[in-house]
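We have chain A already, so just place chain B on it with the hints.
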Amino acid sequence: MIGPLVKNSIISGGVNTVFAVLIGVLFGYALQRSGFTNSKKIAGVFYMKDVDVPIVMFTAIVTAAIGLWGLSLVGLIDLSKFYFLPSYLIPMVVGGLIFGVGMAVGGFCPGTSLASMVTGKIDAMVFVGGFLLGSLIFGDFYPLWEKFYNSNSNGTWRIDQLLNINVGFAVLIITLLAILGSLGMRKLQYKFWGQK
Amino acid sequence: MKKELWNPIFGGVMIGIAMTLTFFISGRGLGVSGALTAVAAWLQNLFLPSVTQSSKYFSKLFENGANPLDDYLVFMAIGILIGSFIAGIVSGDSKIEVLKGPNISSKGRLWYALAGGVLVGYAARMARGCTSGQALVGGAELSVGSWAFMFSIFAGGFAVAYFVRRQWI
Chain A
1 MIGPLVKNSI ISGGVNTVFA VLIGVLFGYA LQRSGFTNSK KIAGVFYMKD
51 VDVPIVMFTA IVTAAIGLWG LSLVGLIDLS KFYFLPSYLI PMVVGGLIFG
101 VGMAVGGFCP GTSLASMVTG KIDAMVFVGG FLLGSLIFGD FYPLWEKFYN
151 SNSNGTWRID QLLNINVGFA VLIITLLAIL GSLGMRKLQY KFWGQK
Chain B
1001 MKKELWNPIF GGVMIGIAMT LTFFISGRGL GVSGALTAVA AWLQNLFLPS
1051 VTQSSKYFSK LFENGANPLD DYLVFMAIGI LIGSFIAGIV SGDSKIEVLK
1101 GPNISSKGRL WYALAGGVLV GYAARMARGC TSGQALVGGA ELSVGSWAFM
1151 FSIFAGGFAV AYFVRRQWI
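The listed protein sequences derive, respectively, from chains A and B. 1 is the number of the first residue of the first sequence in the numbering used here; add one for each residue after it. 1001 is the number of the first residue of the second sequence in the numbering used here; add one for each residue after it.
Just chain A, with the same shape it has in the complex (with noise of 0.2 angstroms):
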């Protein structure tokens, strides 16, 4: 059994679909349980009081990497009917910078919002309807921003080809990286604003 499994015809596109609830289940469930529905708790890491948010995303980009990686390494998935990701680095650079602003002031992002939503908070229900607007204004004002947001497309781009090294290699520095960022943020935090 090689991944992915409904590109191989291993799974029927229905199938696939009942995976995609079943792990939007599991994702909802996580975030609830890390603390992601407070907003609070989400606009803390840009005062460095609570870190969390950072330690968490740092780890599951570690594990998933480890598991896309690992699995390709046992032949377990095979890549050439992956999809990739493509990199556009100064829309993205720009994105990022509008979004953290955004998260700054609203208190969360897409994902938190709509775990935060069906807990009763009325701030991420707001939110929410604010982001349908704003990907509104994107859409319908598109041939405003077409130009720049389709330059730099740099196809896949991925840090091993970057820096000219074996991927394994990558995913061992992106893990020392998650580690060290952790630890140094929780230090800050507990420089501070004290040790809970």
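In short, the hints are calculated from the structure, not lab data. Some hints here could point you the wrong way.
Derived pair list, reagent style SDA-like, types lysine to any residue, alpha-carbon separation capped at 25 angstroms [stated by the list, open to error]:
#	chain 1	residue 1	chain 2	residue 2
1	B	K1003	A	G194
2	A	K187	A	L177
3	A	K191	B	S1091
What follows is chain B alone, placed relative to chain A:
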């Protein structure tokens, strides 16, 4: 009595497992903003079909009578709603309320939430994804653009944190 939150390492591993499952089963990453944009386009199309379908960005979602809600990420978003709803009930966290710092009114907080939502909605489209679909998934794929996106999020947030501190601390 509220249940304690998961240890962040445990929570991160669980989210990483969810991501690995989508890689193995579907050959792609998970995500959220794509689903919300599909809902936005679908809603606007109910009231303003000509505007929506003449938009170069949204028209492809309706090509050949397609329904934008018939999408992998929309089904996943339904799962997220179910999962978080269950977690909120079993943990005792579910409550109708506005979460905010002590120095702002609830009404003020909701204006900030709306403004932040608009900015994030626009930015997620510009960056072709959000924290989950671009930063986490692309981060695991080792994508250079995704890592740049993630560091830019932190930079943007730290840059304005001082000006919105009244809301949080």
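Checked hints:
A C-alpha spacing of about 23 angstroms is found between K1003 (chain B) and G194 (chain A), which places the hinted pair at or below 25 angstroms, so the restraint holds. With a C-alpha separation of about 15 angstroms, the suggested pair K187 (chain A) and L177 (chain A) falls inside the 25 angstroms cut-off, and the hint holds. In summary, the hint linking K191 (chain A) to S1091 (chain B) is not supported, as the alpha carbons are separated by about 30 angstroms, beyond the 25 angstroms threshold.
The structure fails to meet hint 3 from the earlier list, while all remaining hints are met.
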